[in-house]
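> Starting from two chains that each stand alone, build the complex the way the hints lay out.
If you read the protein sequences in the order shown, they are chains A and C. Quick note on our numbering: the first sequence kicks off at 1 and runs consecutively. Quick note on our numbering: the second sequence kicks off at 1001 and runs consecutively.
The calculated PhoX-like cross-link candidates involving lysine-lysine, where the alpha carbons are at most 25 Å apart (straight line), are:
{"hint": "1", "chain 1": "A", "residue 1": "K191", "chain 2": "C", "residue 2": "K1318"}
{"hint": "2", "chain 1": "C", "residue 1": "K1145", "chain 2": "C", "residue 2": "K1335"}
{"hint": "3", "chain 1": "C", "residue 1": "K1172", "chain 2": "C", "residue 2": "K1318"}
{"hint": "4", "chain 1": "A", "residue 1": "K112", "chain 2": "A", "residue 2": "K191"}
{"hint": "5", "chain 1": "A", "residue 1": "K156", "chain 2": "C", "residue 2": "K1145"}
{"hint": "6", "chain 1": "C", "residue 1": "K1335", "chain 2": "A", "residue 2": "K156"}
Partial selection, computed: residues in chain A whose CB lies under 10 Å from chain C:
{"hint": "7", "residue": "L85"}
{"hint": "8", "residue": "K156"}
{"hint": "9", "residue": "D158"}
{"hint": "10", "residue": "I170"}
{"hint": "11", "residue": "L354"}
{"hint": "12", "residue": "I358"}
{"hint": "13", "residue": "V360"}
Computed Cβ-Cβ distance ranges for the label pairs, DEER-style:
{"hint": "14", "chain 1": "C", "residue 1": "V1100", "chain 2": "A", "residue 2": "L353", "range": "22 to 32 Å"}
{"hint": "15", "chain 1": "A", "residue 1": "S190", "chain 2": "C", "residue 2": "T1025", "range": "29 to 39 Å"}
{"hint": "16", "chain 1": "A", "residue 1": "S336", "chain 2": "C", "residue 2": "R1222", "range": "53 to 63 Å"}
{"hint": "17", "chain 1": "C", "residue 1": "P1312", "chain 2": "A", "residue 2": "S190", "range": "17 to 27 Å"}
{"hint": "18", "chain 1": "A", "residue 1": "W56", "chain 2": "C", "residue 2": "G1168", "range": "25 to 35 Å"}
{"hint": "19", "chain 1": "A", "residue 1": "L249", "chain 2": "C", "residue 2": "I1020", "range": "22 to 32 Å"}
{"hint": "20", "chain 1": "C", "residue 1": "S1169", "chain 2": "A", "residue 2": "N55", "range": "19 to 29 Å"}
{"hint": "21", "chain 1": "C", "residue 1": "L1036", "chain 2": "A", "residue 2": "P257", "range": "34 to 44 Å"}
{"hint": "22", "chain 1": "A", "residue 1": "Q50", "chain 2": "C", "residue 2": "G1168", "range": "30 to 40 Å"}
{"hint": "23", "chain 1": "C", "residue 1": "G1107", "chain 2": "A", "residue 2": "S190", "range": "39 to 49 Å"}
{"hint": "24", "chain 1": "A", "residue 1": "F365", "chain 2": "C", "residue 2": "S1043", "range": "53 to 63 Å"}
These aren't lab readings, by the way, just hints derived from the structure by calculation. Here the structure is a predicted model, which is why all the values come from computation and not from measurement. C-beta atoms are modelled at their ideal positions from N, C-alpha and C, and glycine is treated no differently.
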Amino acid sequence: MVSDVPSRARRMPGLAIPHRMRWPLGYTAAAVLVFLAYYYVIPNLGAGGQTFFRNWLPLTSINEALVWVICALGLNIVVGYAGLLDLGFVAFWALGGYTAGWLMSGFFHQVKIHIFGGATATVPGIHISFWLVLLIGAGFCALWGVIIGAPTLRLKSDYLALVTLGFGEIIPQVFTNGDNIGGFNLTNGSKGITPVDPIGIGSTRLGPFDLVWKYLIFVLIAAVVVFITLRLRDGRLGRAWLAIREDELAASMMGVPLMRTKLSAYAVGAVAGGLAGVAFATHVGGVLPDRFNFSISITLLAMVVLGGMGNVWGVMLGALVLAWVNSTGLPQFGSSFNEEFGTNINFPSYNFLLFGGILVLMMLFRREGILPESRTRLVLHEPSRTDMESLGADMEAPAPELDESASLKTAIAEGPVIADETGTGTGMGEKV
Amino acid sequence: MAATATSTAVPAAIDRKAVIQRYATHVILLGVAIWLGANLINSPSQFFSAGMVGLNLGMLYALIALGYTLVYGIIELINFAHGDLFMLGALFSGFLLTTVMGQEHAGVLGIVLLLVTIVGTMLFCGGINVALEFVAYRRLRRAPKLAPLITAVGMSFVLQFVGLKWNGSTPKQWPSVLPEGSFGVGKFQVDYSLLVVIAVTVPVLLLLRWVITSTRQGKAMRAVAQDQDAARLMGVSVNRTISFTFLIGGALAGTAGVMYQQVVGTTAYNLGYQLGLIAFVSAVLGGIGNIGGAVLGGLLIGLIQGFNDGLPFGFGQKWSQSVVFAILILLMVFKPEGLLGRPSTEKV
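So here's chain C without its partners, still in its complex pose (with noise of 0.2 Å):
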């Protein structure tokens, strides 16, 4: 980083900023155990309830923010698209399950075709993405940083308008195949969709993992993001390679859009745009380009948005956005590499 570069010339300085750094994590940490506790004891119901809300969040976050740090850790692209590829999973998902197939109700059957669904759709997801790499992102590679960037946000628009005349400028509602009602507990009440949703998750996450650390693939990209160069001179093939990481991230959000569809039941054509930017704080705050942490930073986010959300001491609904978007300027202001990423130094 140039600030830091800049003032390694006055050791004075970067102590005073190590001390500050040090110091505001712990107060802000400790504030928010602090409010954590307050919820707690106040009313323990709703905290549940407001967690598992923020699970369900989470879980979507953390797919949609892997495809943000898979791409980023590649070819260090924000890739803005990405939110709108979600998008179109969600409205994609819709299609198929209920016009395509015509499933409107639980069952196994349902739960049959949601898995052909979610397949499908992460077959449609990854392609688009492939396609947008190939078509857009791949002429860009060795341009400035500030043209594939404005690319990725054009190509935003590009998604948002298919969108608009797919789903059309009003939300849509959907009817869901997840199994309905709750059980219980002890007091609390936890959802069957919200199992549905970790049954899904759970195991597409550990699919990535053994794809990243066991495959021929997965070393290829661990290659590639590493140095692209020396990559190609070991005989990687590069470019299949960012196509194959598109793909799976493709394929993520594709699974997000999914879940989205099913557990929420509404779409709208300008969904992408914020959950998408969401999710890249997640991704952000994990620290970007890192697997581990998009799954986290992505839990995290989502408990805190439905904290904020359901908690009698949270902000509300109405500032969900702010608080988020004020998690990721402290983050960046404080600890750009994020919770889990190793802090990086300027390629000079």
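With the rest of the complex left out, here is chain A (with noise of 0.2 Å):
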């Protein structure tokens, strides 16, 4: 599949960084910047500064928001790559979730089984290592994917959008209820399962207070689902994918085999949130099927929409800003206000307002999200097929957008190619 990509060792003018280097090297940076600065810099610094840390930007909370990066790039594959509207994605995270709460507890006490696991050999239950349930959560999610996917996924837009929610009904309220199933215990029900192993390296396990050493594992999965996902955009699936999001009838046309793309799909994003799944079961130690319910697939939607559609970086921002302020921002924020003002405003409260005002405001004037790629701003602007052919008497007013991005396309085909900052829109001259 790699070798379909034309070789791309492009150069920016005066950096002699070679262009697929840049974002591993701008990652890795980041990352080992945030992890000195909480390892070192923080702990040395004088109480006032520890405490607006701890307030503001606690670990935990960056641990988190990584966990909602994760899941929120699988969603990105299916919605903004392949444009199939999932509303019940929190699916994946859940199956994810309980795929290590069977596997890394003490859940299942009539067995004893122990691999590489984070507990004490004679304790009962199954305990697998972490990064082996980290491949099991993904592959158990994929086949989940599958089995979701392939009754439903000839179904129109919306339609689709339908019975993605009702499986993401289903599975939580199976969790639920799933205290008894036939007699058999499977997944204890509304008290969920606790606690979850701890994270073991070699002979280590991280306590929960080792935040920092969870951020260095969180942040290598997030670069593995990250890497992944610009590594398939590039190839041959990758641009299936956007020709089937761009004009379905049209890729059949061209050969593109409609059903296997669109479930592939399906698997690689439900692998991402699975491997989110597993993660933030170790992230709070345990897993609860409250948590599992549509909120959580509308705020992963609400990330995608807000961060850019199709546009790796801009759903990770779009993940991190949200989760930050979902989980600290507006409490600690509505806190100090209320302390500034002596108001008694319940700031959480808002998120409903937030969250639903985010994506009614973006999609009126902001379609292409914050950090837009610049293919997929021309797609959400084109009016449809139909539309276009019956365009008459109240042709609306000429699309200045459309013009713009036709003639940058032109341009990009034509002259030399300049990498742009994201990295991802090397595809754009290429026709799918």
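The structure is reproduced here in structure tokens:
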């Protein structure tokens, strides 16, 4: 797949870093900076600085935001790349979480299986190493992605959204009610499965306070997901996804196998969801079924939409910002606001307004997100085919966006290619 | 549908699919019939009361489903905010009847004020729905389908926020002005409140039918649903017609809100999301865009839910959602056009 892509050793004038190395270097640099800040700098700050960071930017919220990033990147493949609206993505998060719950805890006390597990060898239950569970969770979710996708992916867009929503409701309900399935306790009902084993690296185990190391692990998982996403996007499969997103009929006429391509989008997206689920289970040290509700799916969608559908870095930005606002920003802002002005406003309750407002306003005024991908912008501002044909007397104001993107496209096709900063715009000049 | 387009090349595949579909439908229907029969023989009175609960729910779902189906029929948008509109209707009904007019008991005055409340809530919800269309959906009419759908989801959250601020985060109890008690038919009991629900819902449905089939505005609605541009060329004001459709859909949701608030007596800010989804499933079951289908689907889903929750062989209330969504998924796989809808081919 990789060999299809023409060599892309483009260089920025004056900058001697090969294009393909740019994002990994930048990503590593940012990750290491944050790591150093939390490992060396912040513990040595004065009391005031420490309190500030503990209140406004605690490492837990960064770790949680990274989990959101992983999951949002998965949703980005389904919604942003393949254009299949999925309103039940929380199902994959839940499935990944329960994989961790089953395989990394003493829940199944009837058996005693230890594979490099994070518990002493005498404890009953299934205790498998975190790294293996990541793989198992990813595979399990990919399987479920195919199971959910296979019967439903031939549906039209809005029906598909509805069916995914249905699965997003059914799967958490199965987990909630799964404490007595034919007399067998599968999920421990609404009590959930706690505790989940700590992450083991070699013989050391990360306790609840080793947040910095957990941070590194989550950064690593996110990096793997980013890598997979970017490489797939440039490959044959990714170009097929984009083609389907833009015009399903034309894509199928060009020989893109619709079902297989859509199914693989589902499966790959589900893999990321599963990784996020396993990571989240270790982050909070357990799985609780009532966490997996519809608002999680919507929050993920808001992240993808806010950041810029189809652009990995946009989605990452959107996920980091929204996750932080949700977990730390809004409550902190609320408490300092209340303290300052002597009011008693419940700010966290405003997150409905915030997320709903983001979705509506972004769709009305900046459909392509904060960090748009130029190709997505083109798609989102193009009237659909039937409208184009029937545009008659009341043709709306000419779309400058369209002209701009079109001229950009020609410019790129003709002129020398300037690698853009995101590194994802490379597929643009190619004919799909 | 794209899958049909691809499989026409292989006639064998389409035959097999049709056969599977026909048999699967028959098998499922047979299974349901056996299940219902077993329940009926096991305990007739429980069957009857579960059926009454189901009928009650079904009326509610039918009213909400009509709002979905009308809007979908005319602009092909799944209005996710519709369920939350219903929730606001229930809140407004309680606010108007109990807080403003202070009516807390049954009686002749209670019925009169209930009628006033119904009209008021219809106007309130219709107004909100028109406003939503005007502010958000109208600008997105020519946008790709993903955009209005995401906007509707966002609007649903905004409305839920309004509900959260209005109702509070915990469920709220309201007094009912419906007559209490029940009367016996043979050895079965029928609640008076069910009679009131029927007495309100049936005229509303008949009125809707009259509006759509016999008035100028209804004709315009059907024309716009069929072909917007042709309708415009014939002198129909498309924008006004779509606004009118949203008004009707909102008014129906308002009626459902009053009924729910009066019969159930509890409101919560997240009420609309659950009920709205189930109502949407009803609309799809009947065939989305089809008015009679929405009513039929609503009643069926209501009965299914009533039977599932109340019968000895049912899965019980905790699986209620799963049952409804499983029906949705099966339906989507085997008969996406719904019970009364006509199979449509994707416009190319």
